[in-house]
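Engineer: Position in the sequence shown (from 1) plus 84 gives the number in the working numbering.
Rather than coming from a laboratory, the hints here were simulated on the basis of the structure.
Mixed in with the good hints, there may be bad ones.
[As the list claims (entries may be wrong)] Straight-line distance between alpha carbons at most 27 Å, and here's what the computed DSSO-like set of lysine-lysine pairs gives:
no.	residue 1	residue 2
1	Lys197	Lys240
2	Lys137	Lys238
3	Lys139	Lys238
4	Lys139	Lys213
5	Lys137	Lys235
6	Lys186	Lys238
7	Lys213	Lys240
8	Lys108	Lys206
9	Lys108	Lys137
10	Lys206	Lys240
11	Lys137	Lys186
12	Lys171	Lys139
13	Lys240	Lys109
14	Lys213	Lys235
15	Lys109	Lys192
16	Lys139	Lys108
17	Lys109	Lys171
18	Lys171	Lys235
19	Lys186	Lys139
20	Lys213	Lys192
21	Lys192	Lys108
22	Lys213	Lys238
23	Lys213	Lys108
24	Lys238	Lys197
25	Lys238	Lys108
26	Lys171	Lys197
27	Lys137	Lys213
28	Lys108	Lys240
29	Lys186	Lys240
30	Lys108	Lys197
31	Lys109	Lys238
32	Lys213	Lys171
33	Lys186	Lys213
34	Lys108	Lys235
35	Lys137	Lys240
36	Lys235	Lys206
37	Lys197	Lys186
38	Lys240	Lys139
39	Lys139	Lys235
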Amino acid sequence: MDTFYSYCAVRPDGTVVDFSIFQKKVLLVVNTASECGFTPQYQQLESLYQTYKDKGFEVIAFPSNDFGGQESLSGERLQNYCRVDQKLHFRVFDRVHVRGEKTHPVYKFLSQKALNGHVNSKPWWNFHKYLINRDGEVVDYFYSFTNPESKRLKRKIEELL
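Modelling step: build the complete structure from the supplied sequences, incorporating the hints.
Structural biologist: In structure tokens:
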């Protein structure tokens, strides 16, 4: 069975990142959008990242335009928005599809129990979250309305750390 580490994705600057660099880390993977009602979660994700990064935790964002056309940015414009406007320090990849025919392979893995062995949950909107353990396995998911700093999510992260 594959793990999250079996995949790769492209950064907004065109760099391909092999996810094996995340081995032995706890990961929160989130599909994001810059023009969504949930966009304030970017700051909550940053706070969560800052709280746990020194313990082996990473936040990984995948902007997507799949829901209501709420992510028009890609490439350098997306990178500037995330780094300059939002002041994010966690990793943000270039825009991908998280649903439908053109779903990025990593999102097929995250959302299909047949591929990940644990979770069967496709994103229904922006800011859907997947929690990955230190072995690269999907262990839980959280809907868009779950605040990244919620006690429930923090407790799950702390258990895995």
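Engineer: Now tell me if each hint is right for this structure.
Structural biologist: To see whether the hints hold, each was checked on the structure:
Restraint check for Lys197 and Lys240: satisfied, since their Cα atoms lie roughly 20 Å apart, inside the 27 Å limit. The straight-line distance between the Cα atoms of Lys137 and Lys238 is roughly 13 Å, inside the 27 Å bound, and the hint therefore holds. For a cut-off of 27 Å, the pair hint linking Lys139 to Lys238 stands: about 13 Å separates their Cα positions. At most 27 Å may separate the alpha-carbon atoms for a hinted pair to count; Lys139 and Lys213 meet this at roughly 20 Å.
A hinted pair counts as satisfied when its Cα atoms are at most 27 Å apart, and Lys137 with Lys235 qualifies at roughly 17 Å. Taking the CA atoms of Lys186 and Lys238, the gap is near 32 Å; set against the 27 Å cutoff, the hint is violated. A hinted pair counts as satisfied when its Cα atoms are at most 27 Å apart, and Lys213 with Lys240 qualifies at roughly 12 Å. A distance of roughly 25 Å separates the Cα atoms of Lys108 and Lys206; the hinted pair therefore holds under the 27 Å criterion.
Between Lys108 and Lys137 the CA atoms are separated by roughly 13 Å; this keeps the pair inside 27 Å, and the hint holds. A C-alpha spacing of about 20 Å is found between Lys206 and Lys240, which places the hinted pair at or below 27 Å, so the restraint holds. Distance check on the hinted pair: Lys137 and Lys186 sit about 32 Å apart at the alpha-carbon level, beyond 27 Å; violated. The straight-line distance between the Cα atoms of Lys171 and Lys139 is roughly 21 Å, inside the 27 Å bound, and the hint therefore holds.
Distance restraint check for Lys240 and Lys109: the Cα-Cα separation of roughly 14 Å lies within the 27 Å cut-off, and the hinted pair is therefore satisfied. This hinted pair checks out: Lys213 and Lys235 have alpha carbons roughly 15 Å apart, not beyond 27 Å. Restraint check: the Cα-Cα separation between Lys109 and Lys192 comes to about 21 Å, which is no more than 27 Å; the hinted pair holds. With a CA separation close to 11 Å, the supplied pair Lys139 and Lys108 stays within the 27 Å bound.
With a CA separation close to 23 Å, the supplied pair Lys109 and Lys171 stays within the 27 Å bound. This hinted pair checks out: Lys171 and Lys235 have alpha carbons roughly 24 Å apart, not beyond 27 Å. Using a Cα cut-off of 27 Å, the hinted pair Lys186 and Lys139 is violated, with the two alpha carbons roughly 35 Å apart. Annotation: proposed proximity of Lys213 to Lys192 holds, straight-line Cα distance about 14 Å (limit 27 Å).
Simply put, Lys192 and Lys108 have alpha-carbon atoms about 22 Å apart, close enough for the 27 Å limit, and the pair holds. Taking the CA atoms of Lys213 and Lys238, the gap is about 13 Å. The hint holds against a cut of 27 Å. Simply put, Lys213 and Lys108 have alpha-carbon atoms about 19 Å apart, close enough for the 27 Å limit, and the pair holds. With a C-alpha separation of about 24 Å, the suggested pairing of Lys238 with Lys197 holds against the 27 Å cut-off.
For the suggested pair Lys238 and Lys108, the alpha carbons sit about 18 Å apart, so the restraint of at most 27 Å is met. As the CA atoms of Lys171 and Lys197 are separated by approximately 34 Å, the hinted pair breaks the 27 Å bound. The suggested pairing of Lys137 with Lys213 holds, with an alpha-carbon distance near 17 Å, which does not exceed 27 Å. For the suggested pair Lys108 and Lys240, the alpha carbons sit about 16 Å apart, so the restraint of at most 27 Å is met.
Between Lys186 and Lys240, the direct Cα distance comes to roughly 31 Å. Violation of the 27 Å bound is thereby established for this hinted pair. As the CA atoms of Lys108 and Lys197 are separated by approximately 21 Å, the hinted pair is consistent with the 27 Å bound. Note on Lys109 and Lys238: the hinted pairing holds, with a Cα-Cα distance of about 15 Å set against a maximum of 27 Å. For a cut-off of 27 Å, the pair hint linking Lys213 to Lys171 stands: about 20 Å separates their Cα positions.
With a C-alpha separation of about 20 Å, the suggested pairing of Lys186 with Lys213 holds against the 27 Å cut-off. In summary, the hint linking Lys108 to Lys235 is supported, as the alpha carbons are separated by about 23 Å, within the 27 Å threshold. For the hint pairing Lys137 with Lys240, the CA-to-CA distance comes to about 15 Å; that is within 27 Å, so the pair holds. A C-alpha spacing of about 23 Å is found between Lys235 and Lys206, which places the hinted pair at or below 27 Å, so the restraint holds.
Taking the CA atoms of Lys197 and Lys186, the gap is about 18 Å. The hint holds against a cut of 27 Å. Taking the CA atoms of Lys240 and Lys139, the gap is near 14 Å; set against the 27 Å cutoff, the hint holds. Between Lys139 and Lys235 the alpha-carbon distance is near 18 Å, which keeps this suggested pair within the 27 Å criterion.
Hints 6, 11, 19, 26 and 29 from the earlier list are contradicted by this structure; the remaining hints agree with it.
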